[in-house]
Structures are given as C-alpha cells and as structure tokens.
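K.L.:
Single-letter residue listing:
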Amino acid sequence: MKQARPLAIVGAKLVTPQGVSPGTLRCVDGRILAVGEDAQPGDEIIDAKGQLLAPGLIDFGVFAIDKPAFHFGGITRAALLPDQSPPLDHPARVRFAAQSGKPDLWVHPLAAATVGLEGGQLAELALMREAGAKAISTGRRWIADSGVMHRLLQYAAMLDLVVVAHPEDGGLAGHAVATAGEMATRLGLPSAPAEAEALAVARDVALAELTGARLHLRQVTTAAALDLVRAAKRRGVAVTAGVTPAHFMLSDLALGDFRTFARLSPPLRDEADRQAVIAALGDGTIDVVASGHDPRGPEDKRLPFADAAPGMAGAETLLAMVLTLVRDEVIALERAFDLVARNPARLLGVAAGELAVCAEADIALIDPAKPWVVDSAKMAAAAGNTPFDRQPVEGRVLKLWKGGVAVG
Amino acid sequence: MAEASNQFIDALGGTSAVARLLNAPVSTVHSWRSIGIPQSRLAHLRLVALAEGKPPPDEPAINAERDGLAATRKAMPAAPAAPSRYPPGAQAFPHRGLLGIGQLATHEILFLLDEAEQWVELNRQAKKHTDRLAGLTIINAFFENSTRTLLSFEIAGKRLGADVVNMHAAQSSVKKGETLIDTAMTLNAMQVDAIVIRHGSSGAVRLIADKVACPVLNAGDGQHEHPTQGLLDALALRHALRARGRASSDGMLNGLVVTICGDVMHSRVARSNILCLQALGAIVRVCAPPALLPAGVEAMGVTPFHHFDAALEGADVVMMLRLQNERMDGQFVPSPREYRHLYGLTPERLARAAPDAIVMHPGPMNRGVEIDSTVADLAGRSIITAQVEMGVAIRMACLDVLTRRGRGVEGWA
Numbered sequence: 001m002k003q004a005r006p007l008a009i010v011g012a013k014l015v016t017p018q019g020v021s022p023g024t025l026r027c028v029d030g031r032i033l034a035v036g037e038d039a040q041p042g043d044e045i046i047d048a049k050g051q052l053l054a055p056g057l058i059d060f061g062v063f064a065i066d067k068p069a070f071h072f073g074g075i076t077r078a079a080l081l082p083d084q085s086p087p088l089d090h091p092a093r094v095r096f097a098a099q100s101g102k103p104d105l106w107v108h109p110l111a112a113a114t115v116g117l118e119g120g121q122l123a124e125l126a127l128m129r130e131a132g133a134k135a136i137s138t139g140r141r142w143i144a145d146s147g148v149m150h151r152l153l154q155y156a157a158m159l160d161l162v163v164v165a166h167p168e169d170g171g172l173a174g175h176a177v178a179t180a181g182e183m184a185t186r187l188g189l190p191s192a193p194a195e196a197e198a199l200a201v202a203r204d205v206a207l208a209e210l211t212g213a214r215l216h217l218r219q220v221t222t223a224a225a226l227d228l229v230r231a232a233k234r235r236g237v238a239v240t241a242g243v244t245p246a247h248f249m250l251s252d253l254a255l256g257d258f259r260t261f262a263r264l265s266p267p268l269r270d271e272a273d274r275q276a277v278i279a280a281l282g283d284g285t286i287d288v289v290a291s292g293h294d295p296r297g298p299e300d301k302r303l304p305f306a307d308a309a310p311g312m313a314g315a316e317t318l319l320a321m322v323l324t325l326v327r328d329e330v331i332a333l334e335r336a337f338d339l340v341a342r343n344p345a346r347l348l349g350v351a352a353g354e355l356a357v358c359a360e361a362d363i364a365l366i367d368p369a370k371p372w373v374v375d376s377a378k379m380a381a382a383a384g385n386t387p388f389d390r391q392p393v394e395g396r397v398l399k400l401w402k403g404g405v406a407v408g
Numbered sequence: 001m002a003e004a005s006n007q008f009i010d011a012l013g014g015t016s017a018v019a020r021l022l023n024a025p026v027s028t029v030h031s032w033r034s035i036g037i038p039q040s041r042l043a044h045l046r047l048v049a050l051a052e053g054k055p056p057p058d059e060p061a062i063n064a065e066r067d068g069l070a071a072t073r074k075a076m077p078a079a080p081a082a083p084s085r086y087p088p089g090a091q092a093f094p095h096r097g098l099l100g101i102g103q104l105a106t107h108e109i110l111f112l113l114d115e116a117e118q119w120v121e122l123n124r125q126a127k128k129h130t131d132r133l134a135g136l137t138i139i140n141a142f143f144e145n146s147t148r149t150l151l152s153f154e155i156a157g158k159r160l161g162a163d164v165v166n167m168h169a170a171q172s173s174v175k176k177g178e179t180l181i182d183t184a185m186t187l188n189a190m191q192v193d194a195i196v197i198r199h200g201s202s203g204a205v206r207l208i209a210d211k212v213a214c215p216v217l218n219a220g221d222g223q224h225e226h227p228t229q230g231l232l233d234a235l236a237l238r239h240a241l242r243a244r245g246r247a248s249s250d251g252m253l254n255g256l257v258v259t260i261c262g263d264v265m266h267s268r269v270a271r272s273n274i275l276c277l278q279a280l281g282a283i284v285r286v287c288a289p290p291a292l293l294p295a296g297v298e299a300m301g302v303t304p305f306h307h308f309d310a311a312l313e314g315a316d317v318v319m320m321l322r323l324q325n326e327r328m329d330g331q332f333v334p335s336p337r338e339y340r341h342l343y344g345l346t347p348e349r350l351a352r353a354a355p356d357a358i359v360m361h362p363g364p365m366n367r368g369v370e371i372d373s374t375v376a377d378l379a380g381r382s383i384i385t386a387q388v389e390m391g392v393a394i395r396m397a398c399l400d401v402l403t404r405r406g407r408g409v410e411g412w413a
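In the order they appear, the protein sequences are chains F and U. The letter at position 11 of the first sequence is residue 11 when you use the numbering used here, and the numbering goes up by one with no holes. The letter at position 285 of the second sequence is residue 285 when you use the numbering used here, and the numbering goes up by one with no holes.
The set of hints was computed from the structure by calculation and includes no laboratory data. From the three backbone atoms N, C-alpha and C, an ideal C-beta is built for every residue, glycine too. Among these hints, one or two may not hold up.
Said to hold, decoys possible - Some chain F residues judged to face chain U by a derived CB distance under 10 Å, without partners named:
(1) ALA4
(2) GLY50
(3) GLN51
(4) GLN99
(5) PRO103
(6) GLY170
(7) ASP270
(8) GLU271
(9) ARG302
(10) PRO310
If we strip away everything but chain F, and leave its shape as in the complex, we get (with noise of 0.2 Å):
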C-alpha cells in the first residue's frame, strides 16, 4: 500500500540523534519531507498530543517473523536471523524471507554464513545479496574453525556486507546451558565459564583487524569480551556489539526454580557481568540492543531445563526495556533510539532509522511513561515465553507508520 495523502504529525516531541525538541514531521509518498515545519493545506494532520514522535525501531537480529508482536513492539523492520528451517543459506530462501512481511514489515534477511549453518563451506553469500540479504550471520552457532572464519571475513569485506557473529566459544561452551557459577552449581546444570565468551570475542576481532572486515557481534554479555571490543573500537577495528534487554535486566538468578523462560544462548551471566554491560551500555560500547525475538510453545520450552530451546519472545518488551535505561539516566533518551533503530539501520545500510529528511517513514507514536505490566499469558506474540512476565514496565507505541501508512 502506498501513501495517499501527506502526513502531518503535529504537536509531536520530535526524537532526532541530536535530540528530542518539540515540532512537526511531514511525510509525503513514504518518506519524511520535513522535520520542524508546520503542516501544509491538504495534509493528513495527526495531533501527538505531546507525546514522542520517534523512528520505527529496527529489530537487529529475530528468530521468527511475527508481525503482532513486532507491530506492538513499534517494529517497522526486522532483520531475520538464518536459524531458519531450513537455513538462510540460499538465494531463494533469501528472497522469500525478504518478501514475506511487505508490506507494514519490512524483514532483511541476514544470509547464512556457511551452508547449513555448519561452519564449513561458504554459501553463496554475494547472490544472497543481490536476492535481499542485507548482512551475513553466523546465526546462534559459532564458526569453530578459523581458517573458514578468515576466509569468511575476507569474502564480507569485499562484498562490503557486515558479518554478524555469536561470540561462544564452542569448544568451552559445549552442552551448557547455564554460565558457571554458584546458580549453576546448585542447580546441577552443565555450565561453561563465561570466559568462552570473551575468547570467542578475541579471535574474532584479531581476523576483523586483519581482513579489514566488518564484524557485529550479536551478544556481548561478560566484562572480559566488552573490554575487548572497547579495546578493539579504540584502535578502529570496524566492530560494533549488540546486547538483547535479557543481559542487562537479568542475572542468572533468574535461573532459580529452573524456569525455562530464562533459558537463553548466551545463558544468562552473574551480576557483575550484568553490571559491565550496563556501563558498556552507557560508554558507547554497546551499539546495538535487539530482541532477539525468538517465540517459544511448551513444546519448546515446558521441558526439563536443560532439555529445553533456548531463546525469548522480545519483541514486545524491546522498547520498555530500553527506555528503562533512559529512566535510570544510563543513556539519554536519542541515544536510546540510537540503539534499537538508527544504529541497526547502518549496519544493514537501509535508509531509515531517524527522524531525517529522505528517510523512510517508519514512525512510532510512543508514550514514554504509560505503565503496564509484562504478561506471559497475555502476549501478541506467537508465544508468551519472556523472562519478564509479571515485571512492571513504562513506555508503549501508541500508534505505528510504515511508509507513511498507519499500521493496524
């Protein structure tokens, strides 16, 4: 559906990276006109009542594309991770995925690494390019050979395509399911030290030194590997780090009575890992905080701990959790949207992402301060199972454009 009328969102406290003043946003055949000025004759005029005007939020790595709880999350886009089944690891896969959310959802598909997600033989990465992939990813499986993920990094930096990586180390972390530690020890569930994070992270970063790639890696959850990519960013390695709300509102405590919603891949780290990636968060570190969306039925997840899948639905608690940070003065509220919109939408290279002229309209009406509490049994999406349920939270889209075209 294409955009009839302009819009006119009048009355709106405008979120732009240099910050939040009050005014007008003009959209006219999709995209933003005008930033700040006045409404014109013939316009569509949509009063925000002093509420947050702010870019649609750009989910940096999902596992399922599910439109209801993208849509209630204030999702306009979302890039899809290629843990499919089958796996992102062909042209025509490709191209479906792309197409499939069109047109209120706009996913880019992140192309398989190697085929099959095995971490052995490199897939067709450039025809998954020209077939919509925006980027490629090791999915949640770590490349566990170095000589693929040199010739890998190398093959992206030609392609100019950034490689999304999952730091874990494979050989440390093995089977575990928890961090090791005393929860894990008293829970008797396998662990790994939080250390195959950090290791991951070095030898990652040493071949994206070296091959002059673009390396994001999906989850930096210890202090030792966040120190890496501090260390790595300073001597301008293109590396950036993203996080999902997981790891920086919750402890492996969480694990206590064995509740599988808390069964997450990174597993959920100790408190002063919790407390790195916060202050990561607030340094800059941190580039990106996504959902990691990932629903899970009780097929999946009303199983013996370390028996069930790993992963959370994220969408909809996405922007509660990040304005979160806000309320707790760890980042200024642009800096927020910087993390769950403009940011992703570098990494991607599609305009949209901010409150800017010639980018895309994908707009949210947002009420930073409307409470709410998280409800597992109550979700929009395709499953309820988030490791938030029954957490007050502030901040919920009160209206949502894509492409200048309200959703919903």
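The hints should help you fit chain U onto chain F, whose structure is shown.
P.N.:
Relative to the frame of chain F, chain U by itself:
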C-alpha cells in the same frame, strides 16, 4: 481404678454394652473405669439399669470414688510430656513432595530421620510388614536406569502395604516421543497416591511435581539432587556414631568433619549430601580434580580441595563418589589408573583421616578405582551396607510422612 464404677459397668454387661445403651462412644465409657462415672450420667444410668432389670448403681459410693480420684489427679499433675521438637497441632508436614534437601529446614530433616528410626527397627524384625499405606498406589517412574534405588523404593512401599508399580522408561511411551509433561498427566490421571521419579535432567522432577496432584518424591534428577540419599547417609552416620558412643542427644552431626571425594561435578548425591550434612551442623570438605569440581562450589559453604591427602587430614567421615562416566561430556581424567593414583581410597590414605574414621560410598562402587576392596570391606569402619539398609527405612519414612495429608492423618507426628 474406680472400683464401684467398674462393678456397675460390668453388671450392665461391660463397656461396649453400656456404650450401646447410652449411645455414647466406647472410649468415653472405657475412661470411666479409671476416672469414675460422671455425676451428669448417673441419673441416666439409673434409668437404664431399671429398664434392663439390673441392680441400680451404688450412687454415693460412685460419687465419693469419682471425687476422690479427681482430687488425687489434681494433687499429682501428670508429668508434662517431653517438649516435641516438631510443630504441635493438626498442621501437616509443610511439603507436598520431596524435591530436594534444599527445600527442607533442619527440623524437617531431623523429623524425617526420627521417623525413619521406627522403620529401621521394623526392618530388623522377622515379619517386616505394616498396613499403614494399605490401599495406596505408588508408581516408581524411572526414566534413567537404576537398580538399587528402584529396589529400595519398591521394598519400602511394599513393606508399608502399598501397591507398588514400577515404570521403566525403556518400555514406556517416552521412547515413542511422548513428552515428560504428557507422561506426568497420564500418571496423574491414574489416581496414584505418590510418584517416585528419577530422570536424567536437572529440574525434571520439579516440572512433573507442578503438574500432578499427588506427592512426588525425587529419586534423583540429573546433577541436581537425590534427597533420599542425603537423608539415608545422615541416618547411617547417626547410627554409626551411636555405635561408637559419639552420638549427640539432639540427633545433629555438629562439628563432624566429612570429606566428600570424587566426581562432585556430575553428582547429585554430593549436592544433596552437602546440603543435608551442613543443615545438621557437619563441616563438609569436597575433593576432586579441578575439572570435576563445579565452579562456585565454595559458595555452598564447603571447603574445596584438589589434593586428597590434605582433604583427608583429620576427617571423621570419608565419603567416596564414583566417576560418572555416563554423564561426562568429554574426557575429564586421563585414565582410571591415574585417577586411583591420585584419588583412590587406600588403607594408607585412610590412615591420614581421624582414627576410627567412617568410610561411606553411595554405590555402585568401582572397586580398585575410587576405593580399594580392603577399605570398602573394612569391618567397623565401612558402613556401605548400612547405608543401603538405612535407605529402605528413610524411603518408608518419606512415603509415610508425605502421604499423611492424602490419608487424612493430622499433624506431623
């Protein structure tokens, strides 16, 4: 004794006959034989005797006798009952099932141990049977192979008179892809009175317990807990200390130094024992090569050791654990021979522990690996067979206590 009252009751045909005539409980009439017939009942009884054609009661004698007895009782109040360590009243044991030692408070552990003593006695009789759980159905659902624990639970249930059914995962629909929850719902629908579960995944028993209406007993879940083993080891220790004249009167194990050596990482027995022994006041050391000692184990209050000799120094109890090769994901020790060299309990090593130190092993033993045969069979020191004996008693106590709510038995004791 109330002489006059007794004579009159007998004249009317005995306790039951009087109870029937008065429409009163037998126990009430019976109590009159010792405290005398109350005045409020005498008029009624006189009429009854008249109607039955029996001689009337000697009322002055009965009145004098009753008041005299009441006066003596008042003058000599009954010795107060020994104060119970357990909550009084009708409140039931506060746990629906037994999922782990971690859920039990110290007095609850002591209660289960004390309850087990009667079953230790019974199991030593020629006729080892009660009908306490007669009519109840207990399912032993074992999703993981087991011989001794399954047998122990089966014997415990049968000695209490329950109908015990064993379900082996190998022959169950679990192999056909049925989920654990569906299996639990199926068991629940069969209206069983208790389910005993062993499963290879930590937390699996809790998952089932949340889905069924009856008490669930954990017979071992993954690397998490094996609570009846923890309890039976404490009971075996208590008996061994009693035999040595070192038992404390309160049933605690205060100050006892226990060294647990072996595959602590993969051992649910170790976890339950650490929790149980510490709750009873013992000092616990754990000893294993670094790869088999879980991270953060010292946070559970134990002292970790890597050198067996140091861990043994002055220990009152040495508990050996088997290498759980079936749970190991990769290689943790180079060879059994090397393991024995570093961690095998030999007579020479045992000499480093306290004189008269007690040797324990939850079984099954790998003789010649973690424990030498000479030590395992050392009379007076090794209580390995006593552990097995206590296992049946502990399981009887747990089944009895946990089914009380379902059987309508009030209170703890």
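K.L.:
Now, for every hint given, state plainly whether the structure supports it.
P.N.:
Structure-based check of each hint:
1. ALA4: 51 Å, violated
2. GLY50: Nearest chain U Cβ about 47 Å off; hint violated.
3. GLN51: It is violated, given that the least Cβ distance between GLN51/F and chain U is near 42 Å, above 10 Å.
4. GLN99: This hint is violated: GLN99/F lies away from chain U, its Cβ roughly 35 Å from the closest one there, beyond 10 Å.
5. PRO103: At about 39 Å, which exceeds the 10 Å cut-off, the nearest Cβ of chain U leaves the hint on PRO103/F violated.
6. GLY170: Violated - the Cβ of GLY170/F stays beyond 10 Å from chain U, reaching only about 12 Å at its closest.
7. ASP270: Holds, because the Cβ-Cβ distance from ASP270/F to chain U comes to roughly 9 Å (cut-off 10 Å).
8. GLU271: 13 Å, violated
9. ARG302: 5 Å, holds
10. PRO310: Violated: closest Cβ of chain U sits about 15 Å from PRO310/F, beyond 10 Å.
Hint check: violations occur at hints 1, 2, 3, 4, 5, 6, 8 and 10; the rest are consistent with the structure.
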